[in-house]
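Produce the complete structure using the sequences and hints provided.
2 protein chains.
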Amino acid sequence: MTNNTFSNDAERGLLLVLSGPSGVGKGTVCSALRKKMEKLVYSVSATTRQPRTGEVEGVNYFFKSKEQFQEMIATNKLLEWAEYAGNFYGTPLQFVEDTLADGRDVILEIEVQGAMQVKKQFPQGVFLFLMPPSLEELRNRIVNRGTEDDETIRRRMKLAGDEIKLLEEYDYAVVNDQVEVACEKIQSIITAEHLRKDRILSKIKKWMNEVNVSC
Amino acid sequence: MTNNTFSNDAERGLLLVLSGPSGVGKGTVCSALRKKMEKLVYSVSATTRQPRTGEVEGVNYFFKSKEQFQEMIATNKLLEWAEYAGNFYGTPLQFVEDTLADGRDVILEIEVQGAMQVKKQFPQGVFLFLMPPSLEELRNRIVNRGTEDDETIRRRMKLAGDEIKLLEEYDYAVVNDQVEVACEKIQSIITAEHLRKDRILSKIKKWMNEVNVSC
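These protein sequence lines map, in sequence, to chains A and B.
With this note's numbering applied, the first sequence covers -14 to 200.
With this note's numbering applied, the second sequence covers -14 to 200.
None of the hints are false.
One copy or any two copies: either way a pair holds, since identical chains are not told apart in the list.
Each computed PhoX-like pair below joins lysine-lysine, with the alpha-carbon atoms no more than 20 Å apart: (1) 62 x 105; (2) 11 x 21; (3) 11 x 182; (4) 150 x 190; (5) 51 x 62; (6) 191 x 143; (7) 62 x 104; (8) 143 x 188; (9) 150 x 11; (10) 105 x 150; (11) 182 x 105; (12) 62 x 49; (13) 150 x 104; (14) 188 x 150; (15) 191 x 150; (16) 11 x 104.
What the hints contain is simulated information worked out from the structure, not anything from laboratory work.
In structure tokens, the structure reads:
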């Protein structure tokens, strides 16, 4: 009987990619969301940097040697990767795949460039773009950071502008005005995406065969 | 300044088309949803049937003569229409268009055949398919209606099966197990649809020009 009910329990999870321009508050929103949604699985990154005290393999990071990391790149085992301050960071495909196959949703919090890499390999992901409340607010945040000169501010605004242009590649745009409100909106998006027709169509087709047989 | 904020206030409304197989509870869910969402505008139908006591023009129906109704069909002024028990019923396009242009969301509760007509003229609508909790439950509801013989039950199951096949044409599938839960899911869909990137992209492009000018 249970096979004939329209529950999504046996369905694959969703990959949620949370991105947006630098300084928009991706980390804050992601942390708040994980507190509200305990079942949401955070994608653990692989890195070549040394573990810090208290960091646990598979919880904070998957720690890899440079050789291992390069092997992962060469064999297409990363959804995206980047080099930062001499160390490599990346998103292991296997962890994401296993978690989704287990029916759990995965959230990946990532810079826009990395998100575009993910989209190439995983277009079925749900791509969320976090926006600043306004252009003025974005400028204020950049100016208020401190002692930047006009040239630096100009360069950062240009960069933010280029990053916002990438919104075109995303599915949803969520304004990060209040963290709590942004979280509620993202929760609605997750609920709605689970209700998209494509996700249950294969089950329906099975049903339909049974209707035909039983008639 | 307000033009540069990412609010959706000045955006068009959404047309929500709530449909599903006969007997699934479309009317009950639609009423419950309207109670919860006061701003949601119910699409008022046009009809050629006589007004009943207390019915108000433009609230319950737009009352039309047969000639007026046929003129509306001929001049493409209906999103969909059907004849039932000698009277015509249809959805006036103008009312929907005006309400959406005013930035308000419209809900249209309708049989699957009518919904398919709407989709042809208004593919940008959000099409919600209300599902029975299970195939067994659908059969129970049909059987429990009363004194139908086996042939009638068989025919109704076949019809319901054909109607469910049309799910393929919809955007979302919502199981009507508990009315309250179904309403919450539909509210999430409405929230999410308002956050779809396409709805704010034109505004973003305007922003981008300003970023470029100000750099």
